[in-house]
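Student: Produce the entire structure from the sequences given, and follow the hints as far as they go.
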Amino acid sequence: MHAHTAIAAQPTRVPHGHQAAMMAMPRVAPSRPAAGFAANDIDPLAAIAQFRVFDREQSIFAEGEAADAVFRVVDGMIRLYKLLPDGRRQIIGFLQAGDMVGLAFADRYLYSAEAITASTVQRIPRCQLDALLDSQPALARRLLSVTTSELVAAQDQMLLLGRKSALEKLASFLLALSRRAGAGRAIALPMSRCDIADHLGLTTETVSRGFTKLKTSRLIRILDGGRVELLDAEALAELAECA
Numbered sequence: 001m002h003a004h005t006a007i008a009a010q011p012t013r014v015p016h017g018h019q020a021a022m023m024a025m026p027r028v029a030p031s032r033p034a035a036g037f038a039a040n041d042i043d044p045l046a047a048i049a050q051f052r053v054f055d056r057e058q059s060i061f062a063e064g065e066a067a068d069a070v071f072r073v074v075d076g077m078i079r080l081y082k083l084l085p086d087g088r089r090q091i092i093g094f095l096q097a098g099d100m101v102g103l104a105f106a107d108r109y110l111y112s113a114e115a116i117t118a119s120t121v122q123r124i125p126r127c128q129l130d131a132l133l134d135s136q137p138a139l140a141r142r143l144l145s146v147t148t149s150e151l152v153a154a155q156d157q158m159l160l161l162g163r164k165s166a167l168e169k170l171a172s173f174l175l176a177l178s179r180r181a182g183a184g185r186a187i188a189l190p191m192s193r194c195d196i197a198d199h200l201g202l203t204t205e206t207v208s209r210g211f212t213k214l215k216t217s218r219l220i221r222i223l224d225g226g227r228v229e230l231l232d233a234e235a236l237a238e239l240a241e242c243a
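In this text, residue positions in the sequence shown follow UniProt numbering: the first is 1, and each later residue adds one.
Where hints are given, some of them may not hold.
With a Cα cut of at most 27 angstroms, we get these calculated DSS-like pairs of lysine-lysine [said to hold, decoys possible]:
hint : residue 1 : residue 2
1    : K164      : K215
2    : K82       : K215
3    : K164      : K213
So the derived label-pair ranges between C-beta atoms look like this [claimed, not checked]:
hint : residue 1 : residue 2 : range
4    : E205      : R180      : 25 to 35 angstroms
5    : A181      : E205      : 24 to 34 angstroms
6    : R185      : P85       : 31 to 41 angstroms
7    : E65       : A235      : 18 to 28 angstroms
8    : S192      : E238      : 19 to 29 angstroms
9    : R180      : A106      : 20 to 30 angstroms
10   : A131      : T204      : 19 to 29 angstroms
11   : R218      : E63       : 37 to 47 angstroms
12   : A237      : R141      : 29 to 39 angstroms
13   : E229      : L83       : 29 to 39 angstroms
14   : Q128      : R221      : 40 to 50 angstroms
15   : Q128      : P85       : 33 to 43 angstroms
It is worth saying that the hints were derived from the structure and are not from the lab.
Cβ coordinates follow ideal geometry from the N, Cα and C atoms, glycine included.
Tutor: Here it is, written out as structure tokens:
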């Protein structure tokens, strides 16, 4: 993928309503390597990817729509969620730069995707991706590993929801984000407390109390700009593994 050092024009944003026609976007480099690729790899998906910019809270795709594309996050954060029959929302996960979604889908999207922050994504048409994979077995193997990682993450989420206490769930969530951010970095939490609650199967009030308890226990520090610093990652890991 080729990155421009400067972009003269502002990117054209996707109109609200994900079914609207999407315009060509300037090609920008992801802030981290795409899933399944090392930093110095040539990205064969870049040639068939269509770049799109979504405003915060804008829909990217909806549950039940034809799964005619795979999406890869360039920057920003995306929530994946499913609406339950009783109207409650279960957030499946949060996607960051480099993450992909849609590889495991067959005919229809099984859940919905929305931008939490202003986000840039690559939209990779399924028909073009299938043709590319037929001609590049090595790429097919890489993307199979990405799909496997999605399934492992789904299993981890089942354990998180079913076996852990509220505080253990929150500790596990923060540690997972910390691993993504890298050692010594503060964690960005652009999602709301309600989002976190819907991801962990808790109430918003329980999540807020959990943050307060972790703060008073000197395990975390709440920073400006919706960021959190882990003060004692080892103790937090012990708490997360209590289940």
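Student: Evaluate each hint against the coordinates.
Tutor: We went through each hint and held it up to the structure:
A C-alpha spacing of about 20 angstroms is found between K164 and K215, which places the hinted pair at or below 27 angstroms, so the restraint holds. The suggested pairing of K82 with K215 is violated, with an alpha-carbon distance near 31 angstroms, which exceeds 27 angstroms. Using a Cα cut-off of 27 angstroms, the hinted pair K164 and K213 holds, with the two alpha carbons roughly 16 angstroms apart. Roughly 27 angstroms separates the CB atoms of E205 and R180, a value that falls within the hinted 25 to 35 angstroms.
Between A181 and E205 the CB atoms are about 27 angstroms apart, so this pair conforms to the stated range of 24 to 34 angstroms. Separation of R185 from P85 is about 40 angstroms and conforms to the stated range, judged on CB atoms against 31 to 41 angstroms. For the pair E65 and A235, the supplied restraint of 18 to 28 angstroms is violated, since their beta-carbon distance comes to about 44 angstroms. Take S192 and E238: their Cβ atoms lie about 28 angstroms apart, and the range 19 to 29 angstroms holds.
With their beta carbons about 28 angstroms apart, R180 and A106 fall inside the hinted range of 20 to 30 angstroms. The hint said 19 to 29 angstroms for the Cβ distance between A131 and T204, and at roughly 45 angstroms that hint is violated. Evaluation of the 37 to 47 angstroms hint for R218 and E63 yields a pass: the beta carbon distance comes to about 41 angstroms. The hinted range of 29 to 39 angstroms is satisfied by A237 and R141, whose Cβ atoms lie roughly 32 angstroms apart.
Checked against the given bound of 29 to 39 angstroms, the beta carbons of E229 and L83, roughly 34 angstroms apart, stay inside it. Between Q128 and R221 the Cβ separation comes to about 46 angstroms, which falls inside the hinted range of 40 to 50 angstroms. One distance hint, 33 to 43 angstroms for the beta-carbon pair Q128 and P85, holds here, with the actual separation near 35 angstroms.
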